[in-house]
Amino acid sequence: MHLTNEQLNEYLDNASTERAEIETHLDSCDECAARLSALQALFTDLDSLPDVELSTNLAARFSPRPSLTPQLPRWLTLTATLQAAAALVALIVAIPFFSIMIPQIETPSFTTWLFELQSLWTSWLDTLSTFQLPITQFPNLPAYPVELSTLFIALSIVSIFWIFGNGLLLRNHRHS
Amino acid sequence: MNAPTDRDLILQARRGDAEAYGDLVTRHQTSVFNVCYRILHNRADAEDLAQETFIRALDRLHTFDIEREFSPWIRRVAANLCLNHIEAQKPSAPLDEERDEDKTQGPSEQVEVKERSEQIRSALASLPPHYRIVVELRHYQELSYDEIASELNIPLSDVKSHLFRARKLLAEKLHAPD
Ligand SMILES: [Zn+2]
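Line by line, the protein sequences are chains A and B. Note that my numbering has the first sequence beginning at 69, numbered continuously upward. Note that my numbering has the second sequence beginning at 860, numbered continuously upward.
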């Protein structure tokens, strides 16, 4: 009887309870000895696999690196704080003046004020929609008809990119 | 001053010291990444899963038995996460072309070593997920049959049959006469 695959595997895994018997058989049987050395060669192959290097540092995500987050100079933060304090003082000082001035201004009711604002807005839109690029002033330039809606869309896209870009910048800043 | 032990770093990290945990990650990231890379055979996925391993470990740090070694524990966490990962994406079948081929050139001897490593990695990657994980735990993390059984929550007989069949498949791939 030759050794089973299970016996050979367990023998190499140091999980065999019959080591002595297996060794006796291996000494006298070339076929089983050859099977064992083939299995041993696989173990050697697996052992030979080298570790590969990481291409990123995973620790960066966990460890805050104070050297990389820009620290504002102390004088600058101090100045900013002082400025904010001065602005607050100025605001408080200004309140009485405003309270004197405001009653003197003719105060229309809120609804009329809102109505006026709305009409101002519509008239502004009217002006915009009838606005013509002063092409005639530059006869050398080719006529460049820009639709107002195109201009609006372009502006919106730019705004979205701007907000998105800033968001990305802030996000990266927070992570670093 | 001696470098802090893993135990020191874990205790500091438990108290909320992020820098201590960062140091612990620095220490173990290569071995954890290599566990993932052997199982997944894809660099990007392996880096993601290694990262995920450290995130999970941070969550479970308060339950970690401080008297045990950190390295074997984190490597087992990584192996389990990778197994879950390949099983979760099994329906869409792993694409062979997505797997990494190391194309770095070097002196011819180095190329030969790399080719052999690549053959071994490809052979490992061709195994069914459960076989792969058992080979990882036995050959690279040196767990006993019993430890593997309790780690994967499978019967001892399955550990043996997976491992022995995996070896048979690997031998056929790696030692096939040309
Ligand atoms: Zn025999």
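Worth double-checking, as some hints may not be accurate.
Residues on chain A that point at chain B, a partial pick, calculated with CB under 7 angstroms [said to hold, decoys possible]:
id: 1; residue: N73
id: 2; residue: N77
id: 3; residue: L80
id: 4; residue: A88
id: 5; residue: E89
id: 6; residue: F130
id: 7; residue: T198
I should point out that these hints are in silico values taken from the structure, not numbers from a laboratory. Even glycine gets a Cβ: it sits at the ideal position worked out from N, Cα and C.
Violated constraints from the hint list, given by number and in increasing order: 3, 4, 5 and 7
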